[in-house]
Amino acid sequence: MDQIEYEKQRLKQKHSLKRSENSDYEANPKNYYSKVFTKILIGAIFVLASAIYINFGEEFRTTYKKIVFEDNLSFTTMNQLYQKYFGELIPLDIQNPSQMVGKEKNNFLNMEKYLDGQKVSVSQNSIIQALNSGIVVYIGPKDNYENVVIVQGIDGVDIWYGNIDNTSMSLYDYIDKNSIIGNAKSDYIYLLFNKDGQYLEYDQYMETL
Amino acid sequence: MINIWKLFKLDPWTYGLLLIAFLCGFFKQILLILLIVVIHELGHIIMLNKYEIEIISVKLYPFGGITKVNKDINTPLKKEIIIAISGVIAQCFLWGIFYLLHHYGYLYSQTYFIFKQYNITIMLFNLLPMVPLDGSIIFRSILEKIFAYEKAYKWYFIFSFITLFFFSCYNIAWNLNNYLILFFLLFQLILGLKHRKFYIQKFYLERYLKEFPYTRIKNHEEEIVSVLKKDTLHFFKKGEKYRHERELLREKFDNHTYF
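Protein chains in written order, with this note's numbering: chain U, 1 to 209; chain F, 1 to 259.
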């Protein structure tokens with residue numbers, strides 16, 4: 001009989017040990033609090049480290065702002081790298097009737113330099129089509145460019161389409177070349193070509209296509 | 001009520017796929033796929049819970065989930081088929097919800113079309129008659145309705161091999177995901193083949209030890225164990241009398257013929 005009782009107790013102990021490994025509050029409150037506390041501390045370390053980095057000087061502040069608020073992860077490069085070695089990650093050959101493809105080409109009338117990009121005159125409220133296929137990484141207002149759609153192209157060039165109205169796509173959609181981005185809000189749009197921090201001209205970019 | 005969310009476990013491969021998909025910008029796609037897989041498994045869980053079958057764990061692999069259960073092999077075929085098909089039915093319900101959301105304008109049409117495509121693909125894939133998939137369980141149940149258990153088991157694997165062969169011919173192009181799925185299926189098939197003796201003996205032992213709700217009675221002239229069939233109670237003729245199948249099984253197990 002003693003043997004059986006001993007075995008029962010041993011099993012109970014084993015069971016309770018297993019429970020204590022669990023991070024649930026009920027199983028082990030001490031462990032739970034220490035884990036939460038660690039997470040808060042890691043957050044605090046990140047904030048303080050950022051504050052110290054920013055306070056080194058103006059240069060550091062601008063780079064920090066660029067990395068955190070402006071740069072996008074290069075989704076398309078990653079995707080292309082993956083496709084090159086391992087094939088398609090997720091099948092994307094989906095016929096989507098909502099993603100309209102324009103029939104006519106963009107009709108750009110006149111171009112002039114505007115900040116880092118170009119101001120392009122078009123006819124009033126004309127439809128703007130994507131110059132290259134890619135993934136939509138930003139939709140919203142930007143300083144000096146009004147309502148902007150940023151498309152990260154499959155060739156690694158970010159194209160900004162500024163002063164756009166009635167955007168039909170949502171964030172992180174993959175769009176094809178010539179699919180419709182939206183309307184021009186008035187009789188001009190802004191274009192900006194950004195390749196790894198370098199700004200390209202429209203003609204320069206069109207030559208690479 | 002069991003704690004459903006504690007049953008779910010993610011496979012390391014799934015973590016890898018999630019990370020890669022996020023880095024490649026497929027947020028919507030991968031979340032939709034995971035949602036479909038989880039709902040599919042929930043469908044199984046609801047039916048298993050209704051039939052009071054113990055669930056051990058639900059493991060989520062990159063493109064599907066596997067629900068491990070502690071189930072008798074002699075579970076009635078009707079129940080087996082209902083459990084197998086409940087995952088696809090749950091997917092149909094999810095489709096209905098998405099359709100309504102799209103219809104009343106709460107959902108972007110692109111999201112809906114992506115969802116629809118993945119839902120149909122996962123549904124059709126699950127209905128293929130290959131070993132760990134739902135389609136194979138339905139196929140096996142039909143075979144077991146017609147043939148004896150041992151014979152059905154044999155044909156079930158032969159057919160699975162044929163389907164897997166054609167499926168891999170179709171998916172021959174180099175693609176890491178496809179190859180992972182193919183190797184997983186092959187692995188499950190080989191595992192099933194290796195454990196065939198265990199399953200067959202378990203089938204007989206269950207019938208010897210437990211009572212099952214048999215729906216039919218069949219008489220046999222010869223005394224052979226391998227004619228035993230699911231859902232059916234067997235009697236064997238010996239001389240003038242008919243013997244209950246349990247007597248035959250008692251001879252098999254109590255005479256240490258196998259162990």
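To be clear, the hints were calculated from the coordinates, so they are not data collected in a lab. It should be emphasised that the depicted structure is a prediction, and the values quoted were computed from it without experimental measurement. Among the hints, a few may not be true.
Claimed, not checked - Calculated cross-link-like contacts (lysine-lysine; reagent style BS3-like; alpha-carbon spacing at most 27 Å): (1) U:K39 with F:K202; (2) F:K194 with F:K238; (3) U:K35 with F:K252; (4) F:K194 with U:K35; (5) U:K177 with F:K28; (6) U:K30 with F:K9; (7) F:K28 with U:K84.
What the hints assert, rightly or not - One-sided excerpt, in silico: chain F residues whose CB lies under 8 Å from chain U: (8) K28; (9) Q29; (10) L31; (11) H102; (12) Y104; (13) Y106; (14) Y108; (15) Q110; (16) L176.
Virtual Cβ for every residue (Gly too), placed ideally from N, Cα, C.
Hint consistency between F:K194 and F:K238 [alpha-carbon to alpha-carbon, up to 27 Å]: Judged against 27 Å, a Cα distance of about 35 Å means the pair is violated.
Restraint check for F:K28 with U:K84, where alpha carbons must lie at most 27 Å apart: holds, 22 Å
Status of the F:L31 interface restraint (C-beta, 8 Å, chain U): Violated: closest Cβ of chain U sits about 11 Å from F:L31, beyond 8 Å.
Hint status (Cβ of F:L176 to nearest Cβ of chain U, threshold 8 Å): Holds, about 4 Å.
Proposed proximity, F:K9 with U:K30 (alpha carbon, max 27 Å): Status holds; Cα separation ~25 Å.
Hint check, F:Q110 versus chain U [nearest Cβ-Cβ separation less than 8 Å]: holds, 5 Å
Hinted pair U:K177 and F:K28, Cα distance within 27 Å: Given pair U:K177, F:K28 holds - Cα atoms ~21 Å apart, limit 27 Å.
Straight-line alpha-carbon gap U:K35 to F:K252, limit 27 Å: violated, 57 Å
Hint status (Cβ of F:Q29 to nearest Cβ of chain U, threshold 8 Å): Interface hint status for F:Q29: holds (5 Å vs cutoff 8 Å).
U:K39 paired with F:K202 [C-alpha distance capped at 27 Å]: violated, 49 Å
Interface hint status, F:H102 versus chain U (Cβ within 8 Å): violated, 10 Å
F:Y104 as an interface hint toward chain U, with CB separation required under 8 Å: violated, 16 Å
In terms of the numbered hints stated before, the structure departs from hints 1, 2, 3, 4, 10, 11, 12, 13, listed from lowest to highest.
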